[in-house]
Amino acid sequence: MADLGKTLMRLPREYAKGDVIEVKTMVFHPNHNGRREDPETGKFIAEWYIRSINVFYGDEKVLAVQTSSALSQNPYFAFRLKAARSAPLRVEWEDSKGERYTHTADVKV
Amino acid sequence: MQDSPTKPSAQAQPGTVGRRGFLIWAFSLVLLPLRRREALAAVELAKEPPPEHSLEERLNPILQGRTPKRERVTLELPEIAEDGRVVPVRIAVDSPMTEQDYVKRVYLLVDRNPDPGILTLESSPALGAEWNLKIRMRESSNVRAIAEMSDGFLYSGEVAILVNRGGCD
Chain A
111 MADLGKTLMR
121 LPREYAKGDV
131 IEVKTMVFHP
141 NHNGRREDPE
151 TGKFIAEWYI
161 RSINVFYGDE
171 KVLAVQTSSA
181 LSQNPYFAFR
191 LKAARSAPLR
201 VEWEDSKGER
211 YTHTADVKV
Chain B
136 MQDSPTKPSA
146 QAQPGTVGRR
156 GFLIWAFSLV
166 LLPLRRREAL
176 AAVELAKEPP
186 PEHSLEERLN
196 PILQGRTPKR
206 ERVTLELPEI
216 AEDGRVVPVR
226 IAVDSPMTEQ
236 DYVKRVYLLV
246 DRNPDPGILT
256 LESSPALGAE
266 WNLKIRMRES
276 SNVRAIAEMS
286 DGFLYSGEVA
296 ILVNRGGCD
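In order, the protein sequences belong to chains A and B. Quick note on my numbering: the first sequence kicks off at 111 and runs consecutively. Quick note on my numbering: the second sequence kicks off at 136 and runs consecutively.
The shape of chain A in the complex, shown without the other chains (with noise of 0.2 Å):
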């Protein structure tokens, strides 16, 4: 997989102190859950998937997020965040084996 761990962060063109913005992230990653059956041999290609998501505002953690393999491929994952402050955001995603993928955006206010 060519993109593989590479994180795309979207937040919004233009937003004001307190406003909640939505924050849209993805990380390619071919989330196997381990149940896909590969005909020519009979056995499973090997669960590997994302099982964790950190969400990082300047110093302080505001989301934690345990996830099982039934994210879809490519894990795709918003939410919403006051925009209290200027700080950088940073979202953390972790896989079963343990590789992590980090994208951080400033938070501008």
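Since the hints were made in silico from the structure, they are not lab data. One or more hints might be untrue.
[Stated by the list, open to error] Derived coverage of chain B by chain A (criterion: at least 3 residues anywhere in the stretch with Cβ under 8 Å from a Cβ of chain A; other residues may be distant):
hint: 1; region: 183 to 197
hint: 2; region: 239 to 253
hint: 3; region: 261 to 267
Source: prediction; values computed, not measured. All residues carry an ideal CB built from backbone N, CA and C; glycine is no exception.
Here the structure of chain A is known, so what remains is to put chain B in place on it, guided by the hints.
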């Protein structure tokens, strides 16, 4: 006029692939399965799929004997999910999201998935109470979102979703 020697000509007859062309084509057939095996070598295989879990196994630890009130939680999925591999989910909770009163935790479950527990989310007053994601559903199923507020009370929203093509294989 002399005939050409009995040795076969290097040039193919017009309109045919000729012997060389045939040999190249036959050779490529041998190579094809090898290429596929190379592609698969990049993917790990397992003998068995992961174990399945029951709804009770996932639900009981969440409820701990409590019964959520069926209000304040909006759970939206398409009534008919065309492709169970990518089912959009919207979870919204009616909450002021202040330090005194906010959504502390959200659980998402799909009753009939091989593992009904989809996610557990720890929230904070820094957020708005709405989340969107895309999930896999194996088959038509009840889907439920349970929100635990900062005061410990549980609220839930449930929808029954039809799935056209299963998404868990």
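Item to complete: Would you pick out the hints that fail for this structure and give their numbers low to high?
Response: none
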